[in-house]
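Colleague: Put together the whole structure using the sequences plus the hints.
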Amino acid sequence: MKYVEAETGEYITGDFGKCDREANCSTHILPPLETRCCFVPAESIQEHKNSVLIIQEGLKFYFPKSLVFETLPNGCFVAEFILSESSDFKGLKWSESDKRHYDSQNRNLTFQGLKNRGIQVQQNKVLELVYFPIQVFENTLKGYSQNTFIQNLLNTISFPFSPEDVEQIISLYYLGTVTKGYRQGAVTFPYIDKNRNVHAVQVKQFDKCNHTTGTDKLDRVIFNGLKQQNKPLPEWLTKYMNYGKQEGFFNCLFGEHLLSKYKQNPVALVEAPKTAIYGALYFGLPEDPENLLWLAVYNLM
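Per the working numbering, the very first residue in the sequence shown carries number 1174; after that it's consecutive.
If you're looking for bench data, these hints aren't it; they were derived computationally from the structure. Since this is a predicted model, take the numbers as computed values, not measurements. Note that beta-carbon positions come from the ideal geometry of N, C-alpha and C, so glycine has one too. There may be inaccurate statements among the hints.
[To be verified] Simulated crosslink set (PhoX-like; lysine-lysine; CA at most 20 Å straight-line):
(1) K1390 x K1412
(2) K1315 x K1404
(3) K1404 x K1353
[Said to hold, decoys possible] For each label pair, taking beta carbons as the anchor points, the in silico distance ranges come out as:
(4) H1384 x Y1416: 31 to 41 Å
(5) E1269 x P1246: 35 to 45 Å
(6) G1421 x Q1219: 50 to 60 Å
(7) P1407 x K1272: 41 to 51 Å
(8) K1381 x K1436: 34 to 44 Å
(9) K1412 x Q1319: 28 to 38 Å
(10) F1332 x T1386: 34 to 44 Å
(11) T1411 x L1442: 57 to 67 Å
(12) E1420 x K1263: 49 to 59 Å
(13) K1412 x E1216: 52 to 62 Å
Modeller: Following this line, the structure appears as structure tokens:
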């Protein structure tokens, strides 16, 4: 939701506003604010040279003109600090819930409360959250004998890890395999949030030393494979890719789903899933609450 200028109904210029996805995003960027004001209902408002007379329920209250930022037929907006700090306004009633912010030119910058006075609030369309389909993701949980990354952990690196530890890592982080196509043998790193929604599945190809040779996303791999075969795209794929282009794909941490299970463990944040996997294998799995829980941020930083 963007801020609008109440007089014109136009958006305030700049990236000011509040994210429509309030449950998942706390982004709220206020414009440069000067003064917060509260709405003071009035039966009569009279302007004098340096003051404003407000008559409310037969009582008279004088305010400095500079602290009355907007006058309406049924009241006005007065600087909040003068209402709460001054003892000169005993008996005056004002609204704690109906507030506006004003800049140095007395322009209203606040969208809250506009509807109550018949001013239209321009609101962006709420975008439905779209996740990677669970069924498609579960199809990757196989083919570990042809998974270069996994086989390197077991056999090729200088100090191979035990099959038990590698199996546990696969189970913890839901590592998978691309079993066919141009990324055949690549490992998949799913980004699963705390509610167990799959946001994205990263695809990584490695050489025998576990150095990266290719990076992709599973939706893109599926898209390219279908295009190559001249097959129609499933509805979920088009919907998911369009959503990701607008909202981003990697909107959670790699390993985020483990936070609710291992609440006592200290957390280690690294950039890449590969580093998180190595960290857990070298420094200890999170079953021990004193061990680190390794997560990766990818491009969230």
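Colleague: Which earlier hints turn out false for this structure, listed by number in ascending order?
Modeller: 2, 5, 10 and 11
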